[in-house]
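J.: With the hints as a guide, bring both chains together as one complex.
Now for the letters of each chain:
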Amino acid sequence: NAGVTQTPKFQVLKTGQSMTLQCAQDMNHNSMYWYRQDPGMGLRLIYYSASEGTTDKGEVPNGYNVSRLNKREFSLRLESAAPSQTSVYFCASSGPIQGYRSYEQYFGPGTRLTVT
Amino acid sequence: AQSVTQLGSHVSVSEGALVLLRCNYSSSVPPYLFWYVQYPNQGLQLLLKYTTGATLVKGINGFEAEFKKSETSFHLTKPSAHMSDAAEYFCAVSTTSGGSYIPTFGRGTSLIVHP
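Protein chains in written order, with the working numbering: chain A, 1 to 116; chain B, 117 to 231.
FYI, nobody ran anything at the bench for these hints, they're computed from the structure. Do not rely on the hints blindly, as some may be mistaken.
Claimed, not checked - What follows is a set of in silico ranges between Cβ atoms, one per label pair, in the way DEER data are often shown:
id : chain 1 : residue 1 : chain 2 : residue 2 : range
1  : B       : 125       : A       : 14        : 40 to 46 angstroms
2  : A       : 2         : B       : 185       : 24 to 30 angstroms
3  : A       : 70        : B       : 187       : 32 to 38 angstroms
To be verified - With a Cα cut of at most 30 angstroms, we get these calculated BS3-like pairs of lysine-lysine:
id : chain 1 : residue 1 : chain 2 : residue 2
4  : A       : 71        : A       : 9
5  : B       : 174       : B       : 184
6  : A       : 57        : A       : 14
7  : A       : 9         : A       : 57
8  : A       : 57        : B       : 165
9  : B       : 165       : A       : 9
10 : A       : 71        : B       : 184
11 : B       : 185       : B       : 165
12 : B       : 174       : B       : 185
Stated by the list, open to error - Calculated from the model, a selection of chain A residues having no Cβ within reach of chain B, i.e. all distances over 10 angstroms:
id : residue
13 : 64
14 : 69
15 : 70
Using N, Cα and C, we set each Cβ at its ideal position, and we do this for glycine too.
Okay, chain B solo, but in the shape it has when bound (with noise of 0.2 angstroms):
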């Protein structure tokens, strides 16, 4: 079984602040793992994914994560924030089901940038 937990619902930041959204994950077996970004009345987006290798990824729109084994992590960082980031922010684990990547998403944390 898998499982993501997003710590905090809604994350408040002033415009140029540092960005960092929190995911850990539960998994039985090496996870892959995702951050996708939702905007109003959008589907989701993949921002970055970390497979295998280099465990700082970077994403689009300057975002990246590192994977922490040792502390079930993938926290999503962002130096600057800008106003056009305020979106809804998803970690996401998968593991392999015969064949299809089945993902588990945490919760969801909504990015408020403030002028």
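Only chain A is shown next, with the shape it has when bound in the complex (with noise of 0.2 angstroms):
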């Protein structure tokens, strides 16, 4: 199993360009997350799928948009870049293991953006 994929790895876009970051699982989880990570900041939430169908806000929403394209895959839309949204983004997913409840995530590798 592969895990949690996420492409690409690395991107510079400049102010006021469009990107999707992109998000596979192969571990049939249900619930997807996408998460920023700062300096000093932890990760944040930016969006969530609990199920394939649904998706819900996060902490930091504001400037993004997602789409739970089928239930491996979630994406993250920045309509127009700004240097805030500098960071590293990160995918998780969750979902039972086996058959069983599991409450842990599972992390892709990351996307680090820069944004000029």
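T.: Here it is in structure tokens:
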């Protein structure tokens, strides 16, 4: 199993440009999450999807949109990038493991985004 | 509402010394508690978790943590630090919201291990 994969690994954008960060998981998890990590701030939740077909705002949703394309894939879109969105973005998933309820999250390797 | 406080953004120890990373939480319902580790340029991976049952939980790489309800704490310890333990450590508390478990993360503690 690949676990949680994210593309791209690195991206540089100019202010005002748009882009979509892709995330996929192969663990058959119901829930997926997008976080941003900034120095000294820990992880802050942008959006999450409790199950296929639902999405909800997290702590810092402004400037972002998400799509839960199917059970495997959850994308994050920046419509008009701003320098304040320079960050490392992590996707995570959680769900039952071998039929048993599991509460922990599994993280992707991250996307390092710079907006100039 | 839930919150997590990690005391100390940086902790420095010598190789072979005790590691103690502190985590206090607030939660209005019984929490699920986690410690994650992040090595440079990688994602987070689970070290250990407390959900129910035994309050002393053991994780990977010799780490353990004890859930103390009266102190609302979940401190992470390791008897003897190794150079490979140098990393960022995150404490998280999770409660359920609409069927999904939404964790709140602390700001992280960077563990520095000196030879």
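J.: Each hint needs a verdict: does it hold in this structure or not?
T.: Hints, one by one, checked against the model:
1. A hinted range of 40 to 46 angstroms for the beta carbons of residue 125 of chain B and residue 14 of chain A is inconsistent with their spacing of about 32 angstroms.
2. The hint said 24 to 30 angstroms for the Cβ distance between residue 2 of chain A and residue 185 of chain B, and at roughly 38 angstroms that hint is violated.
3. Judged by the Cβ atoms, the range 32 to 38 angstroms given for residue 70 of chain A and residue 187 of chain B is violated: they are separated by roughly 44 angstroms.
4. Of the pairs offered as hints, the one joining residue 71 of chain A and residue 9 of chain A holds, with about 22 angstroms between alpha carbons and a cut-off of 30 angstroms not exceeded.
5. Only pairs whose Cα atoms come within 30 angstroms are accepted, and residue 174 of chain B paired with residue 184 of chain B is accepted, the gap being roughly 15 angstroms.
6. Our distance criterion of 30 angstroms between C-alpha atoms is met by residue 57 of chain A and residue 14 of chain A, whose separation comes to about 25 angstroms.
7. For the proposed pair residue 9 of chain A and residue 57 of chain A, the alpha carbon gap of about 24 angstroms is at most 30 angstroms, so the pair holds.
8. Between residue 57 of chain A and residue 165 of chain B the alpha-carbon distance is near 25 angstroms, which keeps this suggested pair within the 30 angstroms criterion.
9. Simply put, residue 165 of chain B and residue 9 of chain A have alpha-carbon atoms about 29 angstroms apart, close enough for the 30 angstroms limit, and the pair holds.
10. At roughly 37 angstroms between alpha-carbon atoms, residue 71 of chain A and residue 184 of chain B are farther apart than 30 angstroms, so this suggested pair is violated.
11. For the proposed pair residue 185 of chain B and residue 165 of chain B, the alpha carbon gap of about 15 angstroms is at most 30 angstroms, so the pair holds.
12. Taking the CA atoms of residue 174 of chain B and residue 185 of chain B, the gap is about 17 angstroms. The hint holds against a cut of 30 angstroms.
13. With a closest Cβ-Cβ approach of about 17 angstroms to chain B, residue 64 of chain A is found to remain outside the 10 angstroms limit, as its non-interface label requires.
14. Every C-beta of chain B lies more than 10 angstroms from that of residue 69 of chain A, the closest at about 18 angstroms, which supports listing it as non-interface.
15. A cut-off of 10 angstroms between C-beta atoms confirms that residue 70 of chain A is not in contact with chain B; the least separation is 17 angstroms.
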